[in-house]
Amino acid sequence: MPEGTDRRALLRIGGAALGAAAATASWGASPVAAATADPPEIVTPQEFGALADGKHDDTEAIEQAINAKRTQYRIVVFPPGTYRITRTIVIPDASDENFNRIQLRGYSTMTNRASIIQVEHDGVGIDVRCSLAAIHGLAFVAPAKTENNRALRFAGEVNTDDTDAAILECTFISFKLAVEHVGRGLYFSHNLVALCTTGISLAWPTDEVGGGPVHVPPYGLRKWLITNNHFHSPFQAIVTEGAEDADFRGAIIQGNLLDIGRRLLIGSLTNSTISGNMVEKGVNGPIIEITSGGHNLTIADNVLGGFEPPLNEGPSAIQFSSGVKAQNVTISGNTFNWLNHSPIRFENDASKITIANNSFDHWNLDGRSDAAAIRVAGKATAFSVMGNVISADPADRPPIMTTGGLHGSHVIGNASAHVPLVAGTVGADSFVQASPGRFNRMEVAQPLGAAAKVVSTSTQKPTVGEDHYGSFVVEGNNANPGVKGGLRVVPVNQSGSGATELLCSTTRTNELVSMVSSATGLIPPADNTRDLGSAERRMRTVYAHQVSLAEHAPGALPDAAEHVGGMIMVRDPKIGKRGLALSDGEAWLSVALGPKV
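Just so you know, we're using this note's numbering here: the sequence shown kicks off at 1 and counts up by one.
Think of the hints as simulated: they come from the structure by calculation, not from any bench. All values reported here derive from a predicted model rather than from experimental measurement. Some hints could be false.
To be verified - FRET-style restraints, in silico, Cβ to Cβ:
| # | residue 1 | residue 2 | range |
| --- | --- | --- | --- |
| 1 | Gly413 | Leu589 | 49 to 55 angstroms |
| 2 | Gly424 | Asp122 | 49 to 55 angstroms |
| 3 | Thr206 | Thr88 | 18 to 24 angstroms |
| 4 | Ser369 | Lys325 | 23 to 29 angstroms |
| 5 | Thr111 | Thr298 | 28 to 34 angstroms |
| 6 | Met569 | Ala395 | 42 to 48 angstroms |
| 7 | Thr403 | Val216 | 33 to 39 angstroms |
| 8 | Leu225 | Asn328 | 17 to 23 angstroms |
| 9 | Ser233 | Glu60 | 29 to 35 angstroms |
| 10 | Gly54 | Ser233 | 20 to 26 angstroms |
| 11 | Asp122 | Lys223 | 30 to 36 angstroms |
| 12 | Gly413 | Glu551 | 36 to 42 angstroms |
| 13 | Gly413 | Gly323 | 28 to 34 angstroms |
| 14 | Gly566 | Ser322 | 57 to 63 angstroms |
What the hints assert, rightly or not - Simulated pairs of lysine to aspartate or glutamate, DMTMM-like, Cα-Cα distance not exceeding 20 angstroms:
| # | residue 1 | residue 2 |
| --- | --- | --- |
| 15 | Lys281 | Asp366 |
| 16 | Lys281 | Glu313 |
| 17 | Lys176 | Glu241 |
| 18 | Lys145 | Glu120 |
| 19 | Lys145 | Asp127 |
| 20 | Lys325 | Glu347 |
| 21 | Lys281 | Asp361 |
| 22 | Lys596 | Asp572 |
| 23 | Lys55 | Asp122 |
Ideal Cβ placement from N, Cα and C applies to all residues, glycine included.
Produce the entire structure from the sequences given, and follow the hints as far as they go.
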């Protein structure tokens, strides 16, 4: 070792610098514990001639430190300095040697570059070919991004699928690809990735994989823990490549920060969660794009968006691509903002989807006619869209758009600047509430099994030219087996106003409809001679407990020719009291009233 450097003292300092996470990691003995025992498994590149001055080529010294003694728990500690390497350093795998738990440890953190690996060639910096390796506290820096430079590559040679890597408190600067991982299992936490094209590439071995069912796709593609990292200006943080039909699964992508981060995830994913991530100024494509899989996903509590104009270039936030039929997906608690297109896009049929408690603000800034806050380019089945707050679309279109219709779904409790909420067919088995307190479709449960009573809460008297609205309660009690029916409120215009259809019958079997009252008037069935109306829709006999007529001013009477047979209430100027008037088609005639009851 260099003069004045005591290895045991160095390791004591190293234990404190690496922190509690390193001291308690399950990948092997920590420098703190090793300081007293001084086991031969711990070495430094300086013992083999490394200078770590940023000028001397330390490639050979690092290789010798790694290969000096091939023990299972080999730890190579990199004291602070800059280690210049000029070719790929290979950590081999061998079936006859137990060398699969090697650790490389430095003194860097996410915010402090102390132990630097300076990669000066156009290729892989360190190629890890054994399983269960760990890299902790190293800063990988390239002078410039080149076509093929990669900081780390993990790909097992013996157990080709069983490559579990841990990368903690590392920094990656100016690489085309920071980390390439081939196999299953990656623990990537508290790292900084800056000025790279791609942060992490997850792939699957192209050669045949041994082992039982848990080692081969689809279950083999599992175990990805990518948390609490800072991605600064990469074009994409995480991509999956190859084996797309097998579906990468078991991922937790959580708490990552992408500032000028462009895209968080591109690729295959299922049985996973994406939560608590912050992406600002996402550009170059959807921030989260699922290209295959798309089942059993939770995407929650993320902030996904672009940036305020004039810097805004944000596309969509979450997209399930055309080859994906998303199913059993929950999208909740997210904030979408400053996006040029649709915040949530399904480019195919989708089913069993919950979209709840999200905030949509400043979306479809390009004003595209095919955009929506929630866009389904296909059939939307079993959708639950609840409690979202949706700002206005610059194109003034409904915030939910389907090309294949909405089926078996409900849309309730959403606050939207646009009514109606849905563009596209709404199936008869779906329920849509325009906005809180305003329904554009409601059906009574089991309407054929009970009579319906509607109780209005409006207490205002009718006034000419004004409408009064009140909430209502629907009650069914089967009080009379000879009177059955239902109540249905259906949309009659784009404002969300509703008309009421009363469906009643007079037989125990409910085979005979006696009356349908709808927005078009009183409609009797054609084959029913016992109804209340006629072919001309005129009532024969009406029994009413109370009729309230709006009062008309004498100088503002409606046209008598348009209300033949109509009756109104008017204040008679001759006597100064209210009275009735009847239209004979030419004029309104006063109807004499009797004495007080």
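A quick look at each hint next to the structure:
For Gly413 and Leu589, the hinted distance range of 49 to 55 angstroms is satisfied, since their beta carbons lie about 52 angstroms from each other. Between Gly424 and Asp122 the CB atoms are about 51 angstroms apart, so this pair conforms to the stated range of 49 to 55 angstroms. Between Thr206 and Thr88, the C-beta spacing of about 20 angstroms keeps the proposed range 18 to 24 angstroms intact. Taken as a hint, the range 23 to 29 angstroms holds for the pair Ser369 and Lys325, whose Cβ atoms sit roughly 25 angstroms apart.
At roughly 30 angstroms, the beta carbons of Thr111 and Thr298 sit within the given window of 28 to 34 angstroms. Taking 42 to 48 angstroms as the suggested C-beta distance range, the pair Met569 and Ala395 conforms, at roughly 47 angstroms. At roughly 37 angstroms, the beta-carbon separation of Thr403 and Val216 lies within the given 33 to 39 angstroms, and the hint holds. Hint check: Leu225 to Asn328, Cβ distance near 22 angstroms, so the stated range 17 to 23 angstroms holds.
The hinted range of 29 to 35 angstroms is satisfied by Ser233 and Glu60, whose Cβ atoms lie roughly 34 angstroms apart. Between Gly54 and Ser233 the Cβ separation comes to about 24 angstroms, which falls inside the hinted range of 20 to 26 angstroms. Taking 30 to 36 angstroms as the suggested C-beta distance range, the pair Asp122 and Lys223 conforms, at roughly 31 angstroms. As the Cβ distance of Gly413 to Glu551 is approximately 39 angstroms, the hint placing it in 36 to 42 angstroms holds.
Checked against the given bound of 28 to 34 angstroms, the beta carbons of Gly413 and Gly323, roughly 33 angstroms apart, stay inside it. As the Cβ distance of Gly566 to Ser322 is approximately 59 angstroms, the hint placing it in 57 to 63 angstroms holds. Only pairs whose Cα atoms come within 20 angstroms are accepted, and Lys281 paired with Asp366 is accepted, the gap being roughly 16 angstroms. Annotation: proposed proximity of Lys281 to Glu313 holds, straight-line Cα distance about 7 angstroms (limit 20 angstroms).
A threshold of 20 angstroms between alpha carbons decides the hint, and for Lys176 with Glu241 the separation of about 16 angstroms falls inside it, so the pair holds. Note on Lys145 and Glu120: the hinted pairing holds, with a Cα-Cα distance of about 10 angstroms set against a maximum of 20 angstroms. Note on Lys145 and Asp127: the hinted pairing holds, with a Cα-Cα distance of about 18 angstroms set against a maximum of 20 angstroms. Of the pairs offered as hints, the one joining Lys325 and Glu347 holds, with about 8 angstroms between alpha carbons and a cut-off of 20 angstroms not exceeded.
With a CA separation close to 14 angstroms, the supplied pair Lys281 and Asp361 stays within the 20 angstroms bound. Under the criterion of a C-alpha separation no larger than 20 angstroms, the hint pairing Lys596 with Asp572 is consistent with the structure, at around 17 angstroms. A hinted pair counts as satisfied when its Cα atoms are at most 20 angstroms apart, and Lys55 with Asp122 qualifies at roughly 18 angstroms.
Comparing the model with each numbered hint stated earlier shows that all of them hold.
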